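Undergrad: This is what each chain is made of:
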Amino acid sequence: MRDGEMRDALVSAEDVASRLVSALWTSTCLAQDAGFDRCIAAVVGERGELAFRRPLTQEEEATYARLATETAPAVGRRAATEAAFRAILMAPQFLYRAEIGGGTPDRDGLRRLQPFEIASAISYSLTGGPPDASLWDAARSGALVDPKVIVAHVARMAESPASLSTLKAFVREYFSYDEAGSLDKKGGPGGGVLETETDLVVAELLGTSGRKDLLRALLTSTLVFANSRTASVNGVMNNTFEVKRFVLPETSDRAGLLGQPSWMWAQSQPERTDVPKRGRFVREHLLCNSLPDFDASKVKPLSKDATLTMRQKLTMHRVDPACAGCHALIDPMGLAMEGFDHLGKERREELGKPVDVTGGLVGSEDQDGPVRGLKELTAKLAASRTVRRCFAAESLQYWLGRRAQGGDECAVEAMDKAFAASGGDYVALLQALYTSEPFLFKRP
Amino acid sequence: MQKPAAQDSVFMPSQRPGRPTRSPRFDRRRFLERLGLAAGAPLLYPVARSLVSEAYGAPGRRRCAVIVVVGENIPVTAPEGFMPPGVARFGGDKPQVETPTMFQPLRPYWSRMVIVDAANTVAGPCQHGMGFSCLSGLDVEGGTPEFGGKPRGPSLDHHIASVIGKETPLPSLLIGANGGGDYATTTFSSGRLQPVPHILRPSIVYQQLLGKRATGEASAPTVDAGAALLRKRVLDTMRHDVKRLAAELAGPERQRLEVYLSSIESFDKRQEEQIRLLQSADCSKPPQPGADGKEGNGPERVALMLRMATLALRCGLTNVVGLSVGHGFGHDDLGVMGPVLPWRGYGGHGPNEVYNQSLNRIYRHISGLLAELIVGVGPLAEGLVMMVVPGTSARDSLHHHDGNSGMALIHDGTGTLRTGGRYFGPARGSRSLMDAYCAVAHAAGAPTSSFGAGEKNRVTGPMPELMA
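Just so you know, the protein sequences line up as chains A and X, in that order.
In terms of my numbering, the first sequence opens at residue 1 and continues consecutively.
In terms of my numbering, the second sequence opens at residue 445 and continues consecutively.
Please note that a few of the clues may not be correct.
[To be verified] Capping the alpha-carbon separation at 35 Å, the derived lysine-lysine pairs in DSBU-like fashion look like this:
id	chain 1	residue 1	chain 2	residue 2
1	A	K185	X	K676
2	X	K676	A	K186
3	A	K148	A	K186
[Stated by the list, open to error] Reference listing, derived: stretches of chain A covered by chain X, where coverage requires no fewer than 3 residues with Cβ under 8 Å from a Cβ of chain X:
id	stretch
4	64–75
5	182–193
[To be verified] Each pair of labels, with its calculated beta carbon distance range:
id	chain 1	residue 1	chain 2	residue 2	range
6	A	D108	X	A691	20 to 30 Å
7	A	R385	X	E709	27 to 37 Å
8	A	Q32	X	V819	56 to 66 Å
9	X	P641	A	G187	54 to 64 Å
10	A	K168	X	V819	34 to 44 Å
11	X	Q699	A	T315	48 to 58 Å
12	X	V819	A	A31	18 to 28 Å
13	X	E692	A	G129	24 to 34 Å
14	A	K186	X	P641	38 to 48 Å
15	A	F241	X	P641	45 to 55 Å
16	X	E692	A	V145	50 to 60 Å
17	X	E692	A	K244	40 to 50 Å
18	A	A143	X	Q699	52 to 62 Å
These aren't lab readings, by the way, just hints derived from the structure by calculation.
These numbers come from a predicted model, not from an experiment.
Here a beta-carbon is modelled for each residue, glycine too, at the ideal position from N, C-alpha and C.
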């Protein structure tokens, strides 16, 4: 840590401590001449637990109170009290969210999280903030060790705006449509505005489908939002600046978040589509299936012949056996999306010839087979158990905030089952996660 | 049921594991900003930032950088000793182990120095332009500097100060002695068309360093005994907390807390040292400009200001010093450095014995001052000193140095760079001087892989041949 950063932290702690003590000075016993020792211990205990998100231990309470009482004769009670809070605000118990667990480790060496640790873990994971009063009470009473109580709190908290915001962020990252804004392209409305419109789609789907068949909705919805700038890319009519909601007709091949112009924009090159990139996304993100390792520096470029369609170029490219292996795993999905250009606009022709959208799903285990166009592809993805399980696995990584590791399989299985049994209720998936062993147990 | 494997026990935004290898799409940092923040966001962010920067250098060390531009041309005239016989200009196949005559005062420190010679700096067609935007690596905009052109990007000192300058009362101290007004506003810049003039007079430097104390309106800082007591007690308590929590952890989590603890302790130690220094006579009484208002000739002004800068570095008033000396990429009367030298008049474009002797004296003078600075800053800070002698790659045959720009002489007190008197001469045009700048920035604690990129220079990141 550099001096400047340490100084920033200390100055911030001083500022917060000063404001806090100002507020406490007249509303508590601190200003009274008598009984400062007892008073400071009580105030430190009461306010310290908000900072540490758990009650202070006796030792902690005594340490901070002693800091104040021992320095008060030299610097005055108020400055001494501020110093005690400054120490609290620089303590690792405040700066870090600890998950250490308690009790005796079980035979596998794992310790169960303590109720206040569970409360913080659930709350920060779901809402990005500290536990609310109800969760706090459940932790204090010890009730949070009961999975049924955890399930009830998760159901309650999942309805909050903060929780919905977290869920939106997850969908954004999961589908990676938020990369559109960082790509400049000639023509088109700009990736940033397309991202915003997809955000509106996601918000509506989470609002209407969050508790029902969420994954299917994300993969197959025919909803788009557009204004005059983005109408042509979306394939709708809107001559106003106002962003309006549209449900696409059956004749459109656009479906789900993969069909959103923002996603197509993000998964294309600046001036052309990118079949392998689109296919690779499906394979890695939706099927949780990695490509074999390859040396990117040895990848041969596609033909630059401007008279060839992308499909023709890839066909030539795959003649080389060194290339064919990987492309066979990703190109079929990408080729089914060739009905959308690099801006995300639906197209019927490429280089004056009808676009061939023949493709397939490869690597799903249960839904593999040929498809024609994006809609058929996303329908297969939505019906795939592999995709659903992958969604559960990715959710576990996201909400736990760590990479998957050995021992997580049972939790993923439980999440997947709960998600399926509930008819695609995302809250059920989270409830299964928050009562799973990877969530509740830690190795000391 | 299979139990989960080991998992993290304490969470801080920058310290969680990287992205999952199987599906590397989640931006873990963004996720953790949301997930891991406690109520003390204002506190947590600086701490988190430091834990990222920790990867770039040992924690707790105070770094400082002195960037010097000397616009008196080595490139055209190649003075005595700059190119000893037998040393290959290109290819770096024979190290230059001897100190060039012109840098002789730096001889005791040669083992920690390196010359980067013949690196490209391409910045537009103007002959002298590179002399004035040489610290940005970008061409000047709006004409040549002589006619009001302005830098097109931030200079290296500003890049470094944006990181390590935040720690001190003055983000950087920019001083110089130049032959013309325009030159005083083109060497340093905070961004495109944002030149930052440097101070030309020692009396102004004196005032800037001491503020009201310089005019007697305020006294030297004193230690508040009460504040010192509180600071000590708070830090003691923090130490205690960290140790107690670390005892419950193992492996990486414990190490994280230990890094935090060592930062606390290091900060505490240096805070004490800084207070002691600021109280010392040495720091409260820097070298003063002449009482009669006369501040000496060019060489004397440079010496006085550099001694003040040394004190500022030593006493923690700043971590970054920029010094600009000379007449741009000059070959005329040697600018403000000229009055005490034998040469008068136009230096021309080719070797001239008297002119070269004068140049040697200038470089010896500046080398002596830099040697003083290296000693003066001492062990309180790990210093990095770079002297750039700019040139141009305009390819007009008169203002370049073997088809390249000038050279950089680097003293590395951080142990980050590969030094040892080695003469480094890459193949013609194979490297940009900006790569050396990236290496210097890295060593100074402000890592970058793209400094000066975006125009004609090919920037690939810290010059690998320079990295230890």
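Undergrad: Would the hint linking K185 (chain A) and K676 (chain X) be met if the CA-CA limit is 35 Å?
TA: Not satisfied, since the Cα-Cα distance of roughly 57 Å exceeds 35 Å.
Undergrad: Hinted pair, alpha-carbon criterion (35 Å max): K676 (chain X), K186 (chain A). Please report holds or violated.
TA: Between K676 (chain X) and K186 (chain A) the Cα gap is close to 60 Å, so the pair fails against 35 Å, i.e. violated.
Undergrad: Are there three or more residues in the stretch 64–75 of chain A whose C-beta lies within less than 8 Å of some C-beta in chain X?
TA: As far as the stretch 64–75 of chain A goes, the hint holds, because 6 residues have Cβ atoms under 8 Å from chain X.
Undergrad: Quick check on a hinted range of 48 to 58 Å for Q699 (chain X) and T315 (chain A), using CB atoms only.
TA: At roughly 53 Å between Cβ atoms, T315 (chain A) and Q699 (chain X) fall inside 48 to 58 Å, so the hint holds.
Undergrad: Can the suggested window of 54 to 64 Å be confirmed for the beta-carbon pair P641 (chain X) and G187 (chain A)?
TA: Given about 44 Å between the Cβ atoms, the range is violated.
Undergrad: Could you tell me whether the CB distance from D108 (chain A) to A691 (chain X) stays inside 20 to 30 Å?
TA: Holds, at about 22 Å.
Undergrad: Could you check the hint for me, namely that K186 (chain A) and P641 (chain X) are 38 to 48 Å apart, CB to CB?
TA: Holds, at about 41 Å.
Undergrad: Does the Cβ distance between E692 (chain X) and G129 (chain A) fall inside 24 to 34 Å?
TA: holds, 25 Å
Undergrad: Between R385 (chain A) and E709 (chain X), does the C-beta distance stay in 27 to 37 Å?
TA: violated, 55 Å
Undergrad: Take the C-beta atom of A143 (chain A) and the C-beta atom of Q699 (chain X), compute their distance, and say whether it sits inside 52 to 62 Å.
TA: With a Cβ separation near 35 Å, A143 (chain A) and Q699 (chain X) fall outside 52 to 62 Å, so the hint is violated.
Undergrad: Between F241 (chain A) and P641 (chain X), does the C-beta distance stay in 45 to 55 Å?
TA: Given range 45 to 55 Å: holds, Cβ gap about 46 Å.
Undergrad: Closer than 8 Å, Cβ to Cβ, for at least three residues: run that test on the stretch 182–193 of chain A against chain X and report holds or violated.
TA: Answer violated; 0 residues pass the 8 Å Cβ test.
Of the numbered hints listed earlier, those contradicted by the structure are 1, 2, 3, 5, 7, 9, 10, 12, 16, 17 and 18.
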